[in-house]
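Asker: In the order they appear, the protein sequences are chains L and W.
Residue numbering for the first sequence follows this note's numbering, beginning at 540 and increasing consecutively.
Residue numbering for the second sequence follows this note's numbering, beginning at 38 and increasing consecutively.
The set of hints was computed from the structure by calculation and includes no laboratory data.
Glycine is no exception: its CB is placed at the ideal position from the N, C-alpha and C atoms.
Don't take each hint at face value.
Rough simulated footprint, nothing fancy, chain L against chain W, three-plus residues with beta-carbon under 8 Å [unchecked claim]:
1. 180-193
2. 225-233
3. 314-327
4. 336-350
Residues per chain, in single letters:
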Amino acid sequence: MRPARTTRLSGAALLLVLIAWTLLPFASLFTAALHQSGTYPSGISWPAHPHWDNFVQAFNVANMATIFKSSSLIVLGAVPVTVLIASMAGFALGQLQVAGGRFVFLLFLLGLTLPFEGIIVPLYYEIEHLGFLDTRWAIILPLTGLFMPFGVFWMRAHFVNMPLELSEAASIDGAGTWQQFWRVHVPLARPAVVSLAILTTVWTWNQFLLAIVLVNDPTERTMAGALGAFQGDWGTNVPLLSAGSLLILAPMILIYFIFQRQFISALLQGSVKG
Amino acid sequence: MSHTTMTSRRDHRAGRLAMGSRALVPRARAARLHGWLFLSPALAAYGLFVLWPLITSLRYSLYSWDGVTAARWVGLDNYRTVFSDSALLSVLGHAFQLIIYFSLIPVTLGLIVAAVMRRVVVGRLGTVARTVLFLPQVVPLVAAGIAWNWVLSSNGAVNQILSAIGLGGITRAWLGDFTYALPAVGVIGVWVLLGFCTVLLLVGMSKIDPVLYEAAQLDGAGPIKEFLNITLPSLRQEIGVCVTVTVIAALSAFDIVFIATSGGPGDATMVPGLEIYQLAFYNREVGLASALAVVLMLLVLVCVLPIQWFVNRGDVRA
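Just chain W, with the same shape it has in the complex:
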């Protein structure tokens, strides 16, 4: 995220080294060797438990394998299945629908709430709201899933509130409803991620030079114009981070879905992470699960890299 600043720092340092460190040359050579020694434990852990499984994932994805008997080479067949099987395609579709709830709503609402905390409700209530809204970030997602599973059940608090305000007609078991289960899972995502986005955007807003706002007020700009012309453009970095983190959370959702719905009713809330888990460990289709895993990892990259590019490109121009 801060690639540009890093590069310039490095160049600066290289220049300094070239000028002033002739006496240190033998030491520098030793340091170069030591560098690799210092890197090696991290590389070993990363290689053994991330890179190696990553390569193995690619390899598995080209086989038909039940995890026990001999694997059979099938080339790209598993990938063809991922992109042609309607059930698997709808699983990928669900992941994208979740982006609306996990990403779009928390970031938009977070902007509004942060603006309110910063400019409208300053003081104790703002501080309390910040602390409370951030709380879901430290709670295990499993616990969020259990709590919401109960809140959204037919006997739960949501239906109780709806009945109390005269909307008793629309109450239902939200997570068991074919139409509403996925949006209901989305609501849990909003609950988890809203505070994170709000607080991050709030920190970003506190870095904006107040002079900008004073100037805008002298020009007679209203709060909305202020928000659009000053706040929003100044927050590009923070919005970029929020979108990146939340999009990854949406595409790789697992814990919440596993606990709240197990993908049901039917396959209404089945998401890629859970499908990989079930394919590999219940259906014993390790090859297909691995192909889906590779597709998921690529999807995340395809979604995240343009966001990063957009955020950083803006940086260079500014």
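So here's chain L without its partners, still in its complex pose:
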């Protein structure tokens, strides 16, 4: 039974309105970015002479190349280690018999709902004490810890569903625990590992609080943290701020449209299991 024609039309209208509403901020940024730098554009309007050069100017004043590199370094520092040690812990909790494993698991679960603001103050003094303030390590190291509750939960959920016979067969073949993990289980865990890597990459790239509290120099921050500084410096110059914001958004949006399917499923599974 197909819904009546009027129902279908109003349903389609609802979706169209929501699509427009979701795209409104992007369209607004885009048209503003084309106005002359320093002017105050009005709403969404196409300028008589589009100033495409604003993007070039924003690229330069925001040090875009540098912060892109910085963000990438932070992702490279945080994500592979997170995925590796979360997989190891998930493997231990899901496949090995660990005395007290249940307690450890609960300890990790405790961190799942933790808002970062809850620990940002002591984290600041701890990082200062360790001498990492104003370096990328100030973001990389805490993020690795903060990703653990979700990462361990996520990888354990995968490993607990793998048949124990796999490990048993491997250990009869004389493989040690590490070989079982690395040769047998990790290759089979590819989908879970890829999802975790995607999620933690997005979360790292977009991390703001740690960046603004622990790192003063925007060129040592994540993309999101640098964008915050850019707004501080250029907040009154709407065209330039819009151009800069779009440039900073572009890589993530591009990746999203390329890997849309993986992105959506990773983010959704992440929340369901989390």
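For this one, chain L is given, so just place chain W on it according to the hints.
Answerer: Then chain W, alone, in the frame of chain L:
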């Protein structure tokens, strides 16, 4: 969220181990030790950068400390301040108001939109809508804050649209208005979270057995009855996840508020996360900031645990 299924799996496995692995006993002992070796890096990272600061937060909250000179023990005074200072109480109140926008609206609207995508508008438009609505999930919240700050400004697109449809009388700088600033921040939250809820609920709906709907149609149930009697109860898990994630987002909102309003005008949009940040790093009241942080973490737990309990309890019964 899937605690019940995990426990049963574990029991099943324990039985299997007891029966068939006598030959593996020495190996099992080695594996037990290896288990801890495998756990240790994750535990170290978690302990050093989450658990330790967590304990330190508790400790700081019992002191009066400016971050530089010697700290002074004040017992529970900071907590008394959190629960008696009217400014701090209104900050906590704002967090709860944000739940309406970050949680209630996205989940309710998400249910409607997902139902529309699933049952009414099937095809290309539905797919495009899903992709576009989900887009805010990958955008840094900072960027959302900047974009909306401009859209909601006195010269922005929202006022432009309002004027165009003859509502020019109500235009204003939305984020600078004492009455409307918090709802305006809420609108940004809806923008960020609607797509997430919609797509998650949509996935849940696709798992519902179509036979249920056919049976309902044979019984002559209309679309609304179908929705209430079949769709809604089948989505308990997904709704639980949506509510949990969005409530946490509401209570711990930071990025959006920091960028869009910095808590202003006045303290009209001040939220706990931002207040902690300002107390600790600008007012140098580390103890009070830590007490508020502890209260915030407890609030999140107090809100989230009943939701989890409710969702899982339903599971056991079914």
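Asker: All hints, please: hold or fail.
Answerer: Tested hints:
1. Only when three residues or more bring their CB closer than 8 Å to a CB of chain L does the claim for the region 180-193 of chain W stand; here the count is 9, and the claim holds.
2. For the region 225-233 of chain W, the stated coverage by chain L is satisfied: 4 residues place a CB nearer than 8 Å to a CB of that chain, which reaches the threshold of 3.
3. Counting residues of the region 314-327 of chain W whose CB lies closer than 8 Å to any CB of chain L gives 6, so the stated coverage by that chain holds, three being the minimum.
4. For the region 336-350 of chain W, the stated coverage by chain L is satisfied: 3 residues place a CB nearer than 8 Å to a CB of that chain, which reaches the threshold of 3.
In summary, this structure violates none of the numbered hints.
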